[in-house]
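Chains A and B, in that order, give the protein sequences.
Numbering follows this note's numbering, in which position 125 of the first sequence is assigned residue number 822; successive positions increment by one, without gaps.
Numbering follows this note's numbering, in which position 104 of the second sequence is assigned residue number 801; successive positions increment by one, without gaps.
Keep in mind that a hint or two might mislead.
Which copy is meant is left open, because identical chains are indistinguishable; a pair holds if it fits in one copy or across any two.
[As the list claims (entries may be wrong)] Computed list of lysine-lysine pairs in BS3-like fashion (alpha-carbon distance at most 25 Å, straight line): (1) Lys-784 to Lys-870; (2) Lys-875 to Lys-849; (3) Lys-842 to Lys-758; (4) Lys-849 to Lys-870; (5) Lys-838 to Lys-900; (6) Lys-908 to Lys-781; (7) Lys-736 to Lys-858; (8) Lys-758 to Lys-781; (9) Lys-838 to Lys-786.
Treat the hints as calculated values from the structure; they're not laboratory data.
None of these values were measured; they are calculated from a predicted model.
Number of protein chains: 2
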Amino acid sequence: MTKPVILVTNDDGVMAPGIRNLIEFMIPLGEVVVVAPNKPQSGMGHAVTISNPLRLEKISKEEYPQEFSCSGTPVDCVKLAVNKILKRKPDLLVSGINHGSNSSINVIYSGTMSAAIEGAMETIPSIGFSLLDFSFDANFKPAKKFIVSIAKNVLKNGLPKGICLNVNIPAVKENELKGIKVCRQARANWEESFDHRKDPSGKDYYWLTGKFALHENSNETDEWALKNNYISVVPVQFDFTAHSVIPEIQNWNFNG
Amino acid sequence: MTKPVILVTNDDGVMAPGIRNLIEFMIPLGEVVVVAPNKPQSGMGHAVTISNPLRLEKISKEEYPQEFSCSGTPVDCVKLAVNKILKRKPDLLVSGINHGSNSSINVIYSGTMSAAIEGAMETIPSIGFSLLDFSFDANFKPAKKFIVSIAKNVLKNGLPKGICLNVNIPAVKENELKGIKVCRQARANWEESFDHRKDPSGKDYYWLTGKFALHENSNETDEWALKNNYISVVPVQFDFTAHSVIPEIQNWNFNG
């Protein structure tokens, strides 16, 4: 039997410990090809590079796994990997492991998840993995068996067309991880503030900062799962239509 | 009665003809404040600037409308406008008029729409406007009365919490515009390809290009509306959860 082709990408850059761990976890499951940004691309959302050319560099000296770095965004990496490197759709796309949460509303800002959503748009079974620990030396090992299990399930069962998975992992010890909860995105937003400073020449500048504000306590959400030491798995789609609102707006008077 | 405060932004940059037209259309409706990127930010999706500081510059010499340019993305502009300039939520946020379509799946890549979605996340009634003409000298006038009517409706009726509008306008003459269709995002994707070139030193580079591929012909979609000379209005939300898929994935075996 041919091994499945597994494309690995991320948004923290190809050298980040999170992707190094993910590559290691995926090698027993298939033929791994890595195409990831050559620099951190956090917070890039579903950005694509249209006003600049893209560079792609083979960085692996070993024959396997093949690794490439790309000058673009995570979405660019997926597009280039499928079109120029694999020249076919991979059997699985995994993105991450992100250093930091992509639960709840973070999904919309996330480069990690935009790579997975781009995969879903191209009908590739895709998963984004994130660990709730921003630090460089975050410990990705406790979640290994769960990450492998989720990847195996997607390889075996596939995913419905246009759906990918958003997997978030609490930063706790292995014996504290309670298992997996399939759940929905919690309602929340970032209440941002700006750190206002002056540069050496006296001109103003601003750093974006913010506080995560959760708007519900339902036990059906990813935030609840993570708070209770479960790994959250949210199936994600990319129809932005608010279907239930259509009739209301159809009743508006546009001739006024 | 106090006039409503209207925040105007875009992704083509503060000097683009599309936003100059939108500002002109909004002035009769309220107190207009402009905060827009200082350079084109097309295709930025819901990107935010977290690894660089942001600059904000007052560019209007006249007292009204107040105009600011920002070094960041459209989403950064909204956040900075609310927090540092208005110091309150505006009564209406309008983004655009984009030079080019943001219908169907383009919504996910669109900086114009990410500003509107960011507005919705902050419970600001928000609308993104786009004209299906990429050119610098696109004619925004034929749609004026519809743009004004949609903005007036949102000012009067508000929008449900967490919902914004994605408005796309066919590039036709005024007498060919048939009216407004409230509809849903069509199923489509970009079948991308890359233009592969060599730079003067012989190194490879790639330009992202692609072809829009529509996957349905339903008359309930924005693509149908636009093709038939209607202005499409899609209510947009930011819950990415594929709710109907949750039970299926809950049945997976994660102990295997």
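(message) Hint by hint, where does the structure go against what was stated? Just the numbers, ascending.
(response) 1, 3, 5, 7 and 9
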